[in-house]
Amino acid sequence: MIATACLIAVAAISVSMLMNLYRLGRGPDVLDRILALETLVVNAIGLVVVMGLWFNTSLYFEIALLIVTVGFLSTVAFCKYLLRGNVIE
Amino acid sequence: MAWLGEILISALILIGALFLFVGSFGLVKLPDIMRRLHAPTKSTTLGIGALLIASMLYFALLQDTLSLHELVITVFLFLTAPITAHMISKAHILRNTALQQSLPAPPGEEGWATLDRVGPDDDQPPGAGAPK
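Each protein sequence line maps, in turn, to chains D and U.
Number 23 in the working numbering belongs to position 23 of the first sequence; there are no gaps in the numbering.
Number 31 in the working numbering belongs to position 31 of the second sequence; there are no gaps in the numbering.
So that you can see chain D by itself, here it is in the shape it has in the complex (with noise of 0.2 Å):
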């Protein structure tokens, strides 16, 4: 039973990447790019967790850990590059 809804999952999850691939080439402003690419990480993590959990192994949350933090640094540093130009003053 955990293996169907595993599946289901990451076939739902698969699809929101491709919607959040669409807002990202789509997106009138740069910001909707960023929050497309936020979103996209979020739903990367999601997927990873869910493989976890298929395949039994909590080796993946290393993983998921680096890619949370990857992800809140980057979209901070481009908001951040919008604000004042700069990232680092």
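Worth double-checking, as some hints may not be accurate.
Selected chain D positions facing chain U (Cβ under 10 Å, derived; list incomplete) [said to hold, decoys possible]:
#	residue
1	1
2	2
3	69
Bear in mind the hints are in silico, worked out from the structure with no lab data behind them.
Here a beta-carbon is modelled for each residue, glycine too, at the ideal position from N, C-alpha and C.
Mind docking chain U on chain D? Use the hints.
What follows is chain U alone, placed relative to chain D:
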């Protein structure tokens, strides 16, 4: 007892995937960036929380190993999602001058704190205004 845990974990996985899907669908569907900001930052965070609770329950109930990595991810994600939403909305307001003109005036003498100029090019002498 194990089947009850399996049902609970499967339900949490499905709820998490549903909220992730709803967040991404709102990102595509909603018309404006300020409205578009709500869907990923609220709904997607809830979905990730449900998935991580499902993972903790799976390793605690069915595998008999206590795994606390998920708590770290949950705390970090719940701390950083409002910060990214705030940064994106602030960048949107500061980049859009037509939007700044259309903001309603807040009560009192102070204007919008987002639009206050701070930094070395401030025309006030240091120490003149209220501290930030």
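The hints, checked one at a time:
The criterion of a C-beta within 10 Å of any C-beta in chain U is met by residue 1 of chain D, whose closest approach is roughly 5 Å, and the hint holds. The closest approach between the C-beta of residue 2 of chain D and any C-beta of chain U is roughly 6 Å, which is under the 10 Å cut-off, so the hint is satisfied. The interface hint given for residue 69 of chain D holds, since its Cβ lies 7 Å from the closest Cβ of chain U, which is under the 10 Å cut-off.
The earlier numbered hints are all upheld by this structure, with none contradicted.
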